[in-house]
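**Q** Chain by chain, the residues run as shown.
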Amino acid sequence: KAGVTQTPRYLIKTRGQQVTLSCSPISGHRSVSWYQQTPGQGLQFLFEYFSETQRNKGNFPGRFSGRQFSNSRSEMNVSTLELGDSALYLCASRPTGGAGNEQFFGPGTRLTVL
Amino acid sequence: DQQVKQNSPSLSVQEGRISILNCDYTNSMFDYFLWYKKYPAEGPTFLISISSIKDKNEDGRFTVFLNKSAKHLSLHIVPSQPGDSAVYFCAALPQGAQKLVFGQGTRLTINP
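In order, the protein sequences belong to chains A and B. Under the working numbering, the first residue of the first sequence is numbered 182, with each subsequent residue one higher. Under the working numbering, the first residue of the second sequence is numbered 16, with each subsequent residue one higher.
Just so you know, not all the hints are guaranteed correct.
Claimed, not checked - Sample of chain A residues lacking proximity to chain B, with all beta carbon distances greater than 10 Å (derived):
id	residue
1	Arg196
2	Gln199
3	Glu233
4	Asn237
5	Leu262
6	Asp266
7	Gly289
8	Arg291
9	Thr293
To be verified - Simulated pairs of lysine-lysine, DSS-like, Cα-Cα distance not exceeding 25 Å:
id	chain 1	residue 1	chain 2	residue 2
10	A	Lys238	B	Lys20
11	B	Lys114	A	Lys238
12	B	Lys53	A	Lys238
13	B	Lys114	B	Lys71
14	B	Lys69	B	Lys86
Derived by calculation from the structure, the hints in this document are not laboratory data. Just so we're clear, the structure is a prediction, and the values are computed from it rather than from any experiment. The beta carbon of each residue, even a glycine, is placed where N, CA and C say it ideally should be.
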């Protein structure tokens, strides 16, 4: 079974621009979560989607948004980019039901804001 | 405030010996704990988890211990192998929410 895939893997943008990142979960997984990793703040939860609905949201400004499609693929968007948005953005998917709560991560998208 | 803390930024262990990684948490509402391993430029890889109603879970070389009264968990790796060199993250799940709360990570180095 293929793992979580994220595109693009690397991205360079300038301040003020916007960016869209894409995530394809493991086949059959309907829950998709997004995380941001920075050297200063570590790994922080952005939001979680399930069946096209946002179920949980972290403490990030409204410039960070996301959505999920009917095939469970998800996108996140960051508008009006700031230097501090430079980070590794990770997507994780989770199987629905079952006994475990494990989330399986993709390789991430490295965003650099200049 | 840091709800999940890994107080050791790094740990160095000889190959074949036991590696013990520690994690403390402050929120009693966490009901599931997980350990992830991460290599540079890759996403975290799930290792092992434990429910808050248990005190031990074992999977091959990996064992996680949970001490709820002390709000402390630890990951034991026995025997340690060079391929175990990576950053290890402790994470916790609040009740009813799929939002992992991560510690800052511990860099484990296994020396030959």
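**Q** Each of the hints needs a verdict: does it hold here or not?
**A** Results of checking the hints against the structure:
With 10 Å as the threshold on Cβ separation, the claim that A/Arg196 sits away from chain B holds: the shortest Cβ distance comes to roughly 24 Å. The claim that A/Gln199 lies off the interface holds: its Cβ sits roughly 24 Å from the closest Cβ of chain B, which is beyond the 10 Å cut-off. Interface exclusion of A/Glu233 from chain B stands, the closest Cβ pair being 15 Å apart, more than 10 Å. Its closest Cβ contact with chain B, about 5 Å, brings A/Asn237 to no more than 10 Å, contrary to its assignment away from the interface.
Consistency note on A/Leu262: stated as away from chain B, and its beta-carbon is indeed over 10 Å from all of that chain's, at 21 Å minimum. For A/Asp266, the shortest C-beta to C-beta distance to chain B comes to about 19 Å, beyond the 10 Å cut-off, and the non-interface label holds. Non-interface call for A/Gly289 relative to chain B: violated, since the shortest CB-CB distance, roughly 5 Å, does not exceed 10 Å. Its closest Cβ contact with chain B, about 8 Å, brings A/Arg291 to no more than 10 Å, contrary to its assignment away from the interface.
For A/Thr293, the requirement that its beta carbon stay farther than 10 Å from each beta carbon of chain B is met, with the minimum near 13 Å. A C-alpha spacing of about 21 Å is found between A/Lys238 and B/Lys20, which places the hinted pair at or below 25 Å, so the restraint holds. With a C-alpha separation of about 8 Å, the suggested pair B/Lys114 and A/Lys238 falls inside the 25 Å cut-off, and the hint holds. About 24 Å separates the Cα atoms of B/Lys53 and A/Lys238, which keeps this hinted pair within 25 Å; it holds.
With a C-alpha separation of about 23 Å, the suggested pairing of B/Lys114 with B/Lys71 holds against the 25 Å cut-off. Our distance criterion of 25 Å between C-alpha atoms is met by B/Lys69 and B/Lys86, whose separation comes to about 13 Å.
Consistency note: the structure conflicts with the earlier hints numbered 4, 7, 8.
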